[in-house]
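Got two chains here, separate frames each, mind docking them using the hints?
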Amino acid sequence: MIGVDVQVRRKSYAGSETPALSDFRLRIEPGEFVALVGPSGAGKSTLLNIVGGLDSQVDGDVLLDGSPLGTALESGLAIGHMFQEPRLMPWLTVLQNLLLVLADSDEASRRAMELLHRVGLTEFAYVYPRQLSGGMSRRLSLARAFAVDPNMLLMDEPFVSVDAPTAARLRGFLTDLWVQKRPTVLFVTHDLREALALADRVVFMSGRPGRVVLDQPVALPRPRDPEDASVTALREQLLSRNPDLLSGLETHSIAVTSTDPNTEASV
Amino acid sequence: MALTESNPWVRWMSLLGFVVVWQLVASLLQTPDLPSPIEVLFSLQTHLLSGELPYQLSITLLRVLAAFIIAMSVGTAIGILMGNSHRLDALFDGLLVLGLNLPALVTIILCYIWFGLTDVAAVTAVALNKIPTVVVTVREGARAVDRRLLEVATAFRVPPLRTLRQVYLPQLYPYLMAAARSGLALIWKIVLVVELLGRSNGVGFQLGTYFQFFDITSILAYTVAFAAVVMAVEAIIMRPLDRRIGRWRA
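Line by line, the protein sequences are chains A and B.
The first sequence begins at 609 in our numbering and counts up one residue at a time.
The second sequence begins at 9 in our numbering and counts up one residue at a time.
Pulled out of the complex, with its shape left as it was, chain B reads as follows (with noise of 0.2 angstroms):
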């Protein structure tokens, strides 16, 4: 079999050599501190079937969704404004490294402070840390947009939202796909981390209850769920995605 970048199993070769190594380890330390795999699938199994696990993971993929669509939104809105204009790049600038660099925690308590604990809040936190991400890829991208095209679609009069989505947007796909990969990866462990600090439903809420009882299978079991859907996600919309829009490269 070669190993190829094509081959779907290779992919699943190092997710299963780590499952090995992990049973391996479990089976030798025999200890309650690292449950085996087999006991997380039975874990997983009962956390499912009681119907607790899906409605904290629904919970927690409503406010990731939220939070993703309202960065993703507003940051390609500013990131195509400052990548155009010289004068609002330099307005925002020290705004954006700012925001680069505030801890996400801050925006976290502040916005529970401000706003009280509620959803609006946690999202709103959790759209925040990711806004500048989303401006400095975008803000590259829309730099290097080719302005020798753009002058086609003036030249011939196009049609304005033509232009956009036939000239411009091609163009900046790349960076919005890759904002877009590294947003989710982002927005996942924030929305853990609101929902642990000021929420009483939600995947992260949970974890941090399974932690009070030392309930480490549990916290194992919501995490294989987690990674499951993660990557289903990138299974089912992020490289077919990409597949679509890469299509004339090929």
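So here's chain A without its partners, still in its complex pose (with noise of 0.2 angstroms):
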């Protein structure tokens, strides 16, 4: 697990005069888990793809433990990925999709095989992905998320767009794979019961251009679900005190489930 700072003075693109992100500022503690909550447009996936190196197009910087993004990669330190569609190889099976991301070993294979097994994926591990369902593709794209034993995890909305008990078990799955090495964990959301459910604290994003407007830590036992009643009481006291919060992202979450094709996926 590594401590991450980022600071982003300015990332416009072009064309558009209101820059994405500005004088944004963000400090994840050692295997910390951060969940990250804002409207449409605040530039949530921006701000993982400044993250995660892939895009360097930006005014800002970004420490691993201390290092420039570029040192500490070179120097061995792994990212995970999750995005919002599964971004699988079609023509790969589900266990080289694994490989693919990994050394070339026997101990490689001996590792993808074990992960499968932890998301459940064990007798599929020699089909094409177009055979996997909804749920069961998220659950390989955790699982290669996990597969270069990162030391921090970078996840855009990797839910979205699954129903709520497929939803429910990603999530289980993501805990489960989470606690045992326990990598730093930057979780992009529109969804607060999820981000209180997942995260050790909810950094909430201004629209753009996206800024923090407010850094909620949350101290609720694990495990926890979006339903508890913890959560659901920590989700209202937030909003009375802070009536605003969620004013940009109700209509976002309309917008996706209404227009994303893969609403209806599941396990």
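Note that these hints are calculated values from the structure, not bench results.
Using N, Cα and C, we set each Cβ at its ideal position, and we do this for glycine too.
Hints are supplied without guarantee of correctness; some may be wrong.
A few chain B residues that face chain A, going by a derived Cβ cut-off under 8 angstroms, partial list only [stated by the list, open to error]: (1) Arg155; (2) Leu157; (3) Val160; (4) Thr162; (5) Ala163; (6) Phe164; (7) Trp256.
Chain A is nowhere near these chain B residues, computed Cβ spacing over 12 angstroms in every case [claimed, not checked]: (8) Trp17; (9) Phe26; (10) Gln31; (11) Leu49; (12) Thr54; (13) Trp122; (14) Asp127; (15) Ala161; (16) Val166; (17) Ala188; (18) Leu204; (19) Phe221; (20) Met239; (21) Ile253; (22) Gly254.
Written out as structure tokens, the structure is:
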């Protein structure tokens, strides 16, 4: 596990006058699970791309344990990613999709099979992703994120557009895998219940340009469920103190469910 | 018998029908201008046993192979570059349109004049005719490559060679197969013209000789041999390759 310091002075895209991110600062402690909540267009995915090194066109710094991102990655620190869609290679089998991100060795195969076992996909090791359901594809995507034995995990609304029971199972798998080695996690979501159920800390972002508007520690005991009374109580308490907290969010979540073609995907 | 795609007999039925019609028309007309399939078969046997046909055919096949390899590798490289860079695409697009529409005969004549009546000139002329169509097909493929999947490779720091083999090229395979198929078809045809115009061996040269003697039976015998090779290539190389590449879609 590693500590992460992010400072984005300014990040803008060509053709847009308002920057995506401006004066954004975030510190994540080693092994901490931080959920990032904010309205659509707040720059959450942009931030993940910057922290993951996928976007370097930015005025800002990312430090992993005090070292610049590039140096840290060169020295062998690993980052696991999980995207909004599973993003599996359809021409590789389930097992090969894991081996793609691992080195070529017997040890890699053993590790891949063990991860498939952990997410309940052992019997699907040699099938192609098109034969998997939406929930199973996401389990594989989750296993892939953990395959590289990550020091840090970046997750971009990974359980969006799956039904509630499937999302609950996926959160269970995530928690099981996470507690084992406790990689530092940055988890983007627009679902406050999900954020409160998973994270040690929830960071709220404003609309574009994205800034931190509230940094809320979550001290509830684990395991938690989004429907737990304690989670609901904390949510109500937060919303009564900050009535505008989710103002940009509700419309966003409706838009996602109505436009995403994978909405009905399930285990 | 169900007439389905998977039934291998369906493929042969149209060919068989063609031969039957040919035989009927030939026996009706009784003219030396249209020998019957049986006469052609006997002629084919004679040419095979004399060793002449295998020799000429192998020469032609070597030229086809050389032109094919050159056209596919050069065309694929240019296609990928143009598909990935707007600047290169804009730069070479005019040249590409010219190349696509330049008559094969012009390239062939110019190559023979500039490089002499040699095999190098012959193969170059054929490859030059084919490269533009490979470029167009592969460029389409390179444009269609899913950037989000490439991002996965970048995010997980997959080594470049593995990214190429397991993430990039698989997205290009359907386009490469299409380019290879249409490429072979075009190259067979142009190689024969090139041989007719400036070589002293090969199937094209041989057909030219028989044309001068109005030996239609021999011309058809060579054509049959040629067609057999084309079908063998399709059955032994192209279709199994197709199946292998498309396995994950099954």
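Unsatisfied constraints (hint numbers, rising)
1, 15, 16, 21, 22
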